[in-house]
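> Listed below are the residues making up each chain.
Number of protein chains: 2
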Amino acid sequence: MKAVIFVIDGLGDRPNSEGNTPLKEAKTPTMDRLAKEGINGLMNSVDIGIRPGSDTAHLALLGYDPKINYTGRGPFEASGVGLDVKPGDVAFRCNFSTVDENFIVQDRRAGRIEDTSELEKLIDGIEIDGVKIIFKESGGYRAALMLRGEGLSDKISDADPKKIGLKVKEIKPLDETPEAKKTAEIMNKLIKIVYDKLDKHPVNVERKEKGLFAANIILPRGVGEVPHIVPFEEKYGLRGACIAGTGLIKGIAKMVNLDVIEVEGATGDAFSNFDNKAKALIKAINDYDFVLVNVKGADEAGHDGHYDVKKEVIEKIDVMLEQVFKEIDRNEVYFVITGDHSTPIEEKDHSADPLPLILWGKSVRVDEVDKFDEYTAHKGGLCWIKGLHIMPILMDLMGLAKKYGA
Amino acid sequence: MKAVIFVIDGLGDRPNSEGNTPLKEAKTPTMDRLAKEGINGLMNSVDIGIRPGSDTAHLALLGYDPKINYTGRGPFEASGVGLDVKPGDVAFRCNFSTVDENFIVQDRRAGRIEDTSELEKLIDGIEIDGVKIIFKESGGYRAALMLRGEGLSDKISDADPKKIGLKVKEIKPLDETPEAKKTAEIMNKLIKIVYDKLDKHPVNVERKEKGLFAANIILPRGVGEVPHIVPFEEKYGLRGACIAGTGLIKGIAKMVNLDVIEVEGATGDAFSNFDNKAKALIKAINDYDFVLVNVKGADEAGHDGHYDVKKEVIEKIDVMLEQVFKEIDRNEVYFVITGDHSTPIEEKDHSADPLPLILWGKSVRVDEVDKFDEYTAHKGGLCWIKGLHIMPILMDLMGLAKKYGA
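The listed protein sequences correspond, in order, to chains S and R. Position one of the first sequence corresponds to residue 1 (the UniProt record's numbering), numbered consecutively onward. Position one of the second sequence corresponds to residue 1 (the UniProt record's numbering), numbered consecutively onward.
Careful, some of the hints might be misleading.
As the list makes no split between identical chains, a pair holds if one copy fits it or if it spans any two.
What the hints assert, rightly or not - 25 Å max Cα-Cα, derived BS3-like pairs, lysine-lysine:
#1 Lys192 x Lys163
#2 Lys167 x Lys155
#3 Lys86 x Lys181
#4 Lys235 x Lys162
#5 Lys200 x Lys254
#6 Lys348 x Lys362
#7 Lys402 x Lys163
#8 Lys403 x Lys155
#9 Lys36 x Lys197
#10 Lys192 x Lys132
#11 Lys121 x Lys283
#12 Lys36 x Lys371
#13 Lys402 x Lys67
#14 Lys379 x Lys36
#15 Lys403 x Lys348
#16 Lys326 x Lys86
#17 Lys210 x Lys254
#18 Lys386 x Lys155
#19 Lys67 x Lys235
#20 Lys386 x Lys67
Derived by calculation from the structure, the hints in this document are not laboratory data.
Start from the sequences, fold in the hints, and give me the full structure.
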């Protein structure tokens, strides 16, 4: 037996003035058929009333308790932009920013500079006190930064003053350990070294001449130590893969050691190539025991407040599922369809409203639900579960769960 | 956005021989309308199968886990009778009792003495070894006692032998700490000092002459250290108030720093002035971001085993809600209606039977439930939740929940 968790990012919504949601209104004949053939319920990836990020949500959906495994945004961003994170590394999100000669922040995004690939090279590979700096720009002013070496700690304060006109903050240790002291010292040295290198770089000299903000400093934030995560295959005995368009989800997948399958044209928005994703999924089901799929357009539409776009994306995903299910054998594959969080049109951000969930496959207790939406799911046989329940339920159905007791 | 949690104390029940409950039979057009317009579910304030007190239940409804924040009845009683409790104080419930000269208990309630205000003055303000005694009678033979000072502990045994004919027990430290030893010593000294003062007081001399039991000792029990509770406004960023007729609920409210609104004629029984409470609630919704309301008559009727009275109280509360909802705008207020625990007629005490719950307000996923009772609620979109879920759900709907992750 094999298993797929198919995550429609930002799927859930709150009712509009007519009591409708994009999912409720969307024409989803395939999802509705799968709801009818499966067992249904509500699901909160982290917990009831908790508004999750996509990162904590996907960790939970994969059976990794974020309370234990989520150490902050830094490590997951670093993994997401493609850095090869290792347990013990200390990672940050970074902005290229602009400061004056007194380190007063002039612009937190360095005038939204578009190309920082030349500047990246100045920073990546620096060594300070035996600690290696690993640095990667991730599109424009954004970047990820990692420290690798002995005796580091993530118990340090931020440098980013978060406001224009304030001075870059000295990074301080947040506890009494020598590790925190050392890490804070390295980071303070790094920021000065980076300023010296960046400020006089031709890219910035040219920007200043044009009256643009120079990308002459980096402001790290969201510090976290890369967690010691039990690899997916070790935890479940399943060879697993991930299909996702966005860096953050790929980062989660790499963090738990799922193979990341790159799909051409899978951009993570409404124009993502769903057809290629469907083909990639069908192949992945053949090649692996487990596949995590994340399709992202509905979340973007939610963030943008575009009701009709969200509805259309869901309809496209339904067509994608129709294509996939032509190739799926109920006796061989368990298929879960759900979301990671709601992204209601009215909120334009994630919310804690629960997601509908379908569990489809052999020997599930088929219930009376015959429609996939936020209103019908609670009538199903799964009632209201959490993300951390999904993998144990799948493992049990697949006959792979360990008995607890005799 | 604002929020109200409206608690009908002791609301739930078990079916009588006809399969009815007071709530099911009561005519509650307003509650039924709100059920229809809202999302519904079952709710256990503490957990499934747990029979809560009103104190632990209300803590949970306010989002404070009683496992962490409930340190015993003493502190909550002390807060409830109006003592200004502070974290670190050690508090007790007390009875005025009657002992002979050998400290053998003659009566545990001092003949149900009605006025102990003169005796209170003898005890309140005593100092022993630098520790201040704070004491308040709370109607008749009942009182609350608090120790305030450095180096105290609640790890001590009870003095109350709980039976007539037994000697008052020596209070002993329950662990090896100097704090427990010191607190036990102070308490033993206090009980002797109090006996010496009380036994010869004119009130007791007169009682003995009349053949009544003298209130010549205090028997403390239910010891607990006043917990360090994060104030409600700090926890949620909401200015909150409480409307309640009974001391215990007011005590909880004060403990979490809700403003307690006093309502004329709100007595906490079936004859409570519901009209004044309704007016006070409407005003409180205008003045605050959050209001906790407790209406108490149904619980008393349950404790007394009076089915019809319980039904009538629920009908009165429905009229009260009708009045309140004339003034409430669905776009401005989230309104939760539920109970703290069931108080079944057949048990005459609290039970763990879950309560129906309505969540009413903007953008909730309205379900098909159109009646408020113990039988219909589970068909709603909230399935079966716990008290600790309510505040996170409200915070999320109000757009005030912090995102966990990215």
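> Checking an output row: lysine 402 and lysine 163, CA cutoff 25 Å. Within, between, both or neither?
between (52 Å within a copy, 21 Å between copies)
> Should lysine 403 paired with lysine 348 be assigned to within, between, both, or neither, using CA atoms and 25 Å as the limit?
between (44 Å within a copy, 13 Å between copies)
> Are the CA atoms of lysine 235 and lysine 162 at most 25 Å apart within a copy, between copies, both, or neither?
Intra 39 Å, inter 24 Å, cutoff 25 Å: inter-copy only.
> When no copy is specified for lysine 348 and lysine 362, does a C-alpha distance of 25 Å or less occur within a copy, between copies, both, or neither?
between (38 Å within a copy, 16 Å between copies)
> Please work out whether the CA atoms of lysine 192 and lysine 132 approach to 25 Å or closer within one copy, between two copies, in both situations, or in neither?
within (16 Å within a copy, 57 Å between copies)
> When no copy is specified for lysine 200 and lysine 254, does a C-alpha distance of 25 Å or less occur within a copy, between copies, both, or neither?
Neither way: lysine 200 and lysine 254 sit 36 Å apart in one copy and 61 Å across, limit 25 Å.
> Is it within, between, both or neither when you check lysine 386 against lysine 67 at 25 Å Cα-Cα?
Both: 14 Å inside a copy, 20 Å across copies.
> For lysine 326 vs lysine 86, is the C-alpha pair at or below 25 Å within one copy, between two copies, both, or neither?
neither (40 Å within a copy, 60 Å between copies)
> Given a CA cutoff of 25 Å, do lysine 167 and lysine 155 count as a within-copy pair, a between-copy pair, both, or neither?
within (21 Å within a copy, 51 Å between copies)
> Up to 25 Å between alpha-carbons, please classify lysine 121 paired with lysine 283: within, between, both or neither.
Classified as neither; 37 Å inside a copy, 63 Å across copies.
> Reference check for the pair lysine 210 and lysine 254, CA-CA at most 25 Å: within, between, both, or neither?
For lysine 210 and lysine 254, the Cα distance exceeds 25 Å both inside one copy (41 Å) and across copies (62 Å).
> With identical chains, the pair lysine 402 and lysine 67 could be close in the same copy or across copies; at 25 Å between alpha carbons, which is it: within, between, both, or neither?
For lysine 402 and lysine 67, both the intra-copy (23 Å) and inter-copy (15 Å) Cα distances are at most 25 Å.
Checked against the numbered hints given earlier, the structure breaks hints 5, 9, 11, 16, 17 and 18 and satisfies all the rest.
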